Each structure stands twice: as structure tokens, then as C-alpha cells.
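As you go down the protein sequences, you meet chains A and B in turn. Taking this note's numbering, the leading residue of the first sequence gets 1, the next gets one more, and so forth. Taking this note's numbering, the leading residue of the second sequence gets 1, the next gets one more, and so forth.
It is possible that part of the hints are untrue.
[Unchecked claim] No farther apart than 20 Å at their CA atoms in a straight line, the calculated lysine to aspartate or glutamate pairs in the EDC-like style are these:
| no. | chain 1 | residue 1 | chain 2 | residue 2 |
| --- | --- | --- | --- | --- |
| 1 | A | Lys62 | A | Asp86 |
| 2 | B | Lys99 | A | Glu68 |
| 3 | B | Lys99 | A | Asp56 |
| 4 | B | Lys52 | A | Asp102 |
| 5 | A | Lys11 | B | Glu42 |
| 6 | B | Lys56 | A | Asp102 |
| 7 | B | Lys104 | A | Glu85 |
| 8 | B | Lys99 | A | Asp57 |
| 9 | B | Lys77 | B | Glu16 |
| 10 | A | Lys44 | B | Glu8 |
[Stated by the list, open to error] Away from chain B, derived, C-beta distances all over 10 Å, residues of chain A:
| no. | residue |
| --- | --- |
| 11 | Gln17 |
| 12 | Asp74 |
| 13 | Leu84 |
| 14 | Ala88 |
If you are wondering where the hints come from, they were derived from the structure by calculation, not from laboratory data. Here the structure is a predicted model, which is why all the values come from computation and not from measurement. For glycine and all other residues, C-beta sits at the position ideal for the given N, C-alpha and C.
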Amino acid sequence: EAGVAQSPRYKIIEKRQSVAFWCNPISGHATLYWYQQILGQGPKLLIQFQNNGVVDDSQLPKDRFSAERLKGVDSTLKIQPAKLEDSAVYLCASSSSTSQGDTQYFGPGTRLTVL
Amino acid sequence: GNSVTQMEGPVTLSEEAFLTINCTYTATGYPSLFWYVQYPGEGLQLLLKATKADDKGSNKGFEATYRKETTSFHLEKGSVQVSDSAVYFCALRGGSNYKLTFGKGTLLTVNP
Chain A
1 EAGVAQSPRY KIIEKRQSVA FWCNPISGHA TLYWYQQILG QGPKLLIQFQ NNGVVDDSQL
61 PKDRFSAERL KGVDSTLKIQ PAKLEDSAVY LCASSSSTSQ GDTQYFGPGT RLTVL
Chain B
1 GNSVTQMEGP VTLSEEAFLT INCTYTATGY PSLFWYVQYP GEGLQLLLKA TKADDKGSNK
61 GFEATYRKET TSFHLEKGSV QVSDSAVYFC ALRGGSNYKL TFGKGTLLTV NP
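Next comes chain A alone, as it looks inside the complex:
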């Protein structure tokens, strides 16, 4: 079974530029998550989708971050404009449902450096 795919793996941009990340979840997984992992910290949930609807985006900085999951499969996360503090690893995860004990499977992440 193929895992969660993410691209690109690495991205370097200057502040105020825009950037987009792509995620393809495990086939059949209805729930998709985007996390931000700042160096030395645990991942923090940015947004959770159930199919193509948003379940939780309470920690997404909506003035600069946006995410979509058209057709309920692939997802993109965009930052516009980027700030220095956005430097982090952006992780995508998926799960088959939203039940409490369900396992989330993580992709390899995209490491963003904002100069």
C-alpha cells in the first residue's frame, strides 16, 4: 500500500513570496490533515478535512495560509505572503476515519526555509 505522498520535499523562498505544497493521501482515506512542525517542537494541526469539507481550521493563520481539497482526494496548502516564522516542516497525514483510536499516517514532509 502506497503511503502519503508530499511534494516538494524541500523549498527555499524569500519572505513575502508565495509557496504551495501538495499532498496525496493514502487511497480511500477520507480524512486529511496538515501540520506545521517548527524545529524542536511537536507538530501542530493547521487544518483537518473530512472528504472535501473543513472540520477544523482553528489554528490556520487565515490571513496568509489557505488550503483546499477539491474532489476529496489531493490537497494543497498555500502560504502567501510568507514570513520568516513560517520556516518549518509541513506534514500531511491521512486516516480512514475520524474515530478517536484511528491511526494517522504521515507523509515525509516538506521542509520550508524562508529567507
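Keeping the supplied structure of chain A fixed, place chain B upon it in accordance with the hints.
Just chain B, lined up with the frame of chain A:
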């Protein structure tokens, strides 16, 4: 809200030593508890989980027991190997939308 506090690292051990990484949590209700591992250059992988009090999760020689009375989920392994060197994250899942909340992670280095 929910939170996870885990032992600060880094932790450095010799091969075959005993490992304990402490994890305590604060949550309403009855969360599920997880340990994830992140090997160098790789994504997070689920190591083990427990979904109710007194459950023991185990995998690859690692164990953790869900202790509701002490709100803890400590990770243990009897004999670590060099290949266990990684960052370990304790996490809980609970709340109205079963959001996953992580601790800050503990870096483990095992020397031969």
C-alpha cells in the same frame, strides 16, 4: 484544552541499556494515547497506541501502558539498539473533533 508533556532530551544511552521516556497528559474525557517515532530524514511513524485505561501498547520491543490514575503513558524498552536513535513523540487524541495533540519530542541517541 488538551496538552502533552514529555521528558526533555536529548537522551543518550549505550546499546543494550534500558530506556524510559516519560509522558504525562492533560485531557477531558477519555483520550487515546500514541507514541510516534521520527527517524532522521523520515516522516512520523506510529510506534504504538492505547485506546483505553490499563491498555498496553507494544511494538518492536517498545511498550507503554495507559495509566489514567497518573495520567501517564511512559515509553519503555528493555534493551535499545543503535537503530532506535530517533525523535520520539507522545500524543493524545481526544476532544470534540478527536484532534491529535503532540508533545515536543525527545531525541534519543544510542551509541554502540
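We went through each hint and held it up to the structure:
| no. | hint | in the structure |
| --- | --- | --- |
| 1 | A:Lys62 with A:Asp86 | 13 Å, holds |
| 2 | B:Lys99 with A:Glu68 | 19 Å, holds |
| 3 | B:Lys99 with A:Asp56 | 9 Å, holds |
| 4 | B:Lys52 with A:Asp102 | 13 Å, holds |
| 5 | A:Lys11 with B:Glu42 | 16 Å, holds |
| 6 | B:Lys56 with A:Asp102 | 16 Å, holds |
| 7 | B:Lys104 with A:Glu85 | 18 Å, holds |
| 8 | B:Lys99 with A:Asp57 | 11 Å, holds |
| 9 | B:Lys77 with B:Glu16 | 9 Å, holds |
| 10 | A:Lys44 with B:Glu8 | 18 Å, holds |
| 11 | Gln17 | 25 Å, holds |
| 12 | Asp74 | 17 Å, holds |
| 13 | Leu84 | 21 Å, holds |
| 14 | Ala88 | 14 Å, holds |
The structure shown violates none of the earlier numbered hints.
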